[in-house]
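Position chain B against the provided structure of chain A, taking the given hints into account.
First to last, the sequence lines map onto chains A and B. Under numbering that gives the first Met the number 0, the first residue of the first sequence is numbered 0, with each subsequent residue one higher. Under numbering that gives the first Met the number 0, the first residue of the second sequence is numbered 0, with each subsequent residue one higher.
No lab work stands behind these hints: they were computed from the structure. Just so you know, not all the hints are guaranteed correct.
What the hints assert, rightly or not - Below 27 Å or equal to it, Euclidean Cα-Cα: the simulated DSS-like pairs (lysine-lysine) are:
{"no.": "1", "chain 1": "B", "residue 1": "K356", "chain 2": "B", "residue 2": "K379"}
{"no.": "2", "chain 1": "B", "residue 1": "K153", "chain 2": "A", "residue 2": "K37"}
{"no.": "3", "chain 1": "A", "residue 1": "K21", "chain 2": "B", "residue 2": "K2"}
{"no.": "4", "chain 1": "A", "residue 1": "K339", "chain 2": "B", "residue 2": "K37"}
{"no.": "5", "chain 1": "A", "residue 1": "K37", "chain 2": "B", "residue 2": "K21"}
{"no.": "6", "chain 1": "A", "residue 1": "K21", "chain 2": "B", "residue 2": "K153"}
{"no.": "7", "chain 1": "A", "residue 1": "K340", "chain 2": "A", "residue 2": "K379"}
{"no.": "8", "chain 1": "B", "residue 1": "K356", "chain 2": "A", "residue 2": "K2"}
{"no.": "9", "chain 1": "B", "residue 1": "K358", "chain 2": "B", "residue 2": "K407"}
{"no.": "10", "chain 1": "A", "residue 1": "K111", "chain 2": "A", "residue 2": "K98"}
{"no.": "11", "chain 1": "A", "residue 1": "K153", "chain 2": "B", "residue 2": "K37"}
{"no.": "12", "chain 1": "A", "residue 1": "K55", "chain 2": "B", "residue 2": "K339"}
{"no.": "13", "chain 1": "A", "residue 1": "K98", "chain 2": "B", "residue 2": "K153"}
{"no.": "14", "chain 1": "B", "residue 1": "K96", "chain 2": "B", "residue 2": "K55"}
{"no.": "15", "chain 1": "A", "residue 1": "K339", "chain 2": "A", "residue 2": "K111"}
Nothing here was measured: the structure is a model prediction, and the numbers come from that model.
Number of protein chains: 2
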Amino acid sequence: MAKSELNIAVLGFGTVGTGVVKMLLGNGELLARRCGKKLTLKYIADLDIQRDRGVKVPKGVLTTDALNAIADPAVDIVVEVIGGVNPAKKFIETALKNKKHVVTSNKEVIAKHGREFIALAVQHGVNILFEASAGGGIPIINALTKALAGNNIKRIFGIVNGTTNYILTKMYRDNADFAAALREAQALGYAEADPTSDVDGYDAAYKLAILAGLAFNSHFAYSDIYCEGIRRISAVDIALAREFGYVLKLLAIGIAHAEDRVELRVHPVMIPERHPLATVNDAFNAVFVEGDCVGETMFYGRGAGELPTASAIVGDLADLALHYELGGTNPALHFDFTQKKIIPVGEIFSKYFIRLKVKDETGVLAAVSRVCADHKVSIKAVQQKDASGAETSLVIITHTVQEAALQKAVEQIAALRQVLEVSSVIRAGL
Amino acid sequence: MAKSELNIAVLGFGTVGTGVVKMLLGNGELLARRCGKKLTLKYIADLDIQRDRGVKVPKGVLTTDALNAIADPAVDIVVEVIGGVNPAKKFIETALKNKKHVVTSNKEVIAKHGREFIALAVQHGVNILFEASAGGGIPIINALTKALAGNNIKRIFGIVNGTTNYILTKMYRDNADFAAALREAQALGYAEADPTSDVDGYDAAYKLAILAGLAFNSHFAYSDIYCEGIRRISAVDIALAREFGYVLKLLAIGIAHAEDRVELRVHPVMIPERHPLATVNDAFNAVFVEGDCVGETMFYGRGAGELPTASAIVGDLADLALHYELGGTNPALHFDFTQKKIIPVGEIFSKYFIRLKVKDETGVLAAVSRVCADHKVSIKAVQQKDASGAETSLVIITHTVQEAALQKAVEQIAALRQVLEVSSVIRAGL
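Here chain A stands alone, though its shape is the one from the complex (with noise of 0.2 Å):
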């Protein structure tokens, strides 16, 4: 029988729950003409019920007990959008088991638990869609789960990261340092108090293990996945990082490679100034996908944020509804059938820059270069800045070499009695 309207629980009235919200109340009609349905908002669950969001709510909508709105038998999809993995899991557990679809932004819980949740969708004969866990407004989980699922994907990488892109951008654009970068970015609302999760990579490693296990049909545990931030990121490097043409973003790889081996990796990635990531700024994402048919294919937009990440729970929404009554068909819940091995970071293969504090004196770059020689580290470029008393900066950049091989020739060259200090080591190209 169909459902000429749909119930929506909102857990969570936070920022993304207020978009929600709004956009559940402002551009309702539209939706309902767009769906066939009207989506109707039925609870928003959370702690706090007295802050004012700047956002009227009909009567009776506003709940304490989230448990309670999951279990009314009127409701037909939980919205989740409290971040972090409790109480967000055991929510999203209930309204599986109590038959309800679920849509979440969160992308902590659904790397850490997005298997099992689909497990109990199946079970249930439910749905749980979570575009919006990855790349914000950017449709790229219908993408690789619809649109491209003809192709083979070859590759996936971007900037998935809102504040690290915010907080690089402001040291490329001011030469300002990280932490004055960091500061800002907190002041606007851009990073958290505390801004662990965004700034060691660990959002961004959240993300790409959802991207990755949709594009390569498998299952991977962030925890897996090699992951290096941007707090050693100093204003040297993203100057000299210029002066060589290259900009530096945290970027999220993935890789797929022959005998179900996959890269996947998070860290920062100085790319040349004219690759279109290049141009993506402040809080603004953009994943690259390359198909085995389609080829290369780029999705940009705002990566965070209360309306653009409401846009893509509302997107899920709307596809529910438009599917609605078919139930317990979701593209996630055929994706994880093959097994993949990440590949070891010291496999891969990249180019490096290299920054070294040296003392100034003949023979220094000699002597590195012998022992880059010795790991048959090639070098691409060298830059020697003039000496400012007894040491001098010294810029290397490699051509393309084994991980491994580059990080022995490192410690050799750390070891140096010319070498004070190697400064930075960052990979390069792209």
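Leaving out everything else, chain B in the frame of chain A:
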């Protein structure tokens, strides 16, 4: 009753048809795993079933009798990749009347008859999907109908014709003239022997009619869209544009205005070289979409070609397969619910690039400036090239002005004693 297999009849064994066949045969197992259903190639119908397409086809699949393939009760989905109106229109109608879902890449027939097809599909409880009809491999129609369904779309614009983008890229890079670049595009298979549909902008107008209809929930006759191609673009214009920091692209533009009015137009635009669309080269397409909630998004990929277009067709097949048991639901079925009016091109606002051939004598710029001032056309930049004898070239970039005023000014400029020719008038800026 859930089917474990869907039978497909492909009508048309040309470029796109060959791509679809290659994907169904080559990536069939992947598709089946992702969709939970096997997609079986039951028929390939074409008048010519002798020519080698470089793909090994299963026995008994090739037929010259499309209507018989459509009528076969075993066929679930008809893929129409013939192109053009006849006989594609008849085949699509017959398929829908036979309760077969239809997937097509045919922009012309969808732009001209999509509305009738959708009514017919609703009547017979089946779907018609046409992701491949605009933007090739880019899932822009999916984005508009599902992921961005909660947004009022404010603007949609981009490069949607690969042939003209190839030609313009060639002209820009090699300083080639239009005729030479077209010949090369033809030799490489990017342009047809009769290039009218691409070069004069009709192909882009078909796509804009489809995209704007979905974005603005209205029906637009493609023939009501203002359409200007690239035939009159010269190497000189492109070289001069470059001097002013512009790159010339053929854009399809849709902008929502108040009171159910929209701008819809296809024409060359000089866009700033730092705009992301300026770097979309060769046969690539890119579409910008701005929604009231999601903000700016961009979708980039190959706009044409055997496998990229087939990728979109197969994406629609996957979408149908994933939601097969439901039948009857199609986002597009709900799109056409407002009546919007296209604003006459004279009422739009733009900057303009004007190139004049003038007599090499004093007072020319004064005369031209006076006419501009009379029509409140404010001049942003002027360039007068060194004279080569009795005549010289004068280039003007205006500030933003209404098209009607600009056209009147141009008319009077053309009539000036000192002006030998108005060589080009091209819209500039984004």
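Here is how each hint holds up against the structure:
{"no.": "1", "hint": "B:K356 / B:K379", "in the structure": "holds (19 Å)"}
{"no.": "2", "hint": "B:K153 / A:K37", "in the structure": "holds (23 Å)"}
{"no.": "3", "hint": "A:K21 / B:K2", "in the structure": "violated (40 Å)"}
{"no.": "4", "hint": "A:K339 / B:K37", "in the structure": "holds (23 Å)"}
{"no.": "5", "hint": "A:K37 / B:K21", "in the structure": "violated (41 Å)"}
{"no.": "6", "hint": "A:K21 / B:K153", "in the structure": "holds (18 Å)"}
{"no.": "7", "hint": "A:K340 / A:K379", "in the structure": "violated (32 Å)"}
{"no.": "8", "hint": "B:K356 / A:K2", "in the structure": "violated (67 Å)"}
{"no.": "9", "hint": "B:K358 / B:K407", "in the structure": "holds (21 Å)"}
{"no.": "10", "hint": "A:K111 / A:K98", "in the structure": "holds (22 Å)"}
{"no.": "11", "hint": "A:K153 / B:K37", "in the structure": "holds (23 Å)"}
{"no.": "12", "hint": "A:K55 / B:K339", "in the structure": "violated (30 Å)"}
{"no.": "13", "hint": "A:K98 / B:K153", "in the structure": "violated (37 Å)"}
{"no.": "14", "hint": "B:K96 / B:K55", "in the structure": "violated (32 Å)"}
{"no.": "15", "hint": "A:K339 / A:K111", "in the structure": "holds (17 Å)"}
Hints 3, 5, 7, 8, 12, 13 and 14 from the earlier list are contradicted by this structure; the remaining hints agree with it.
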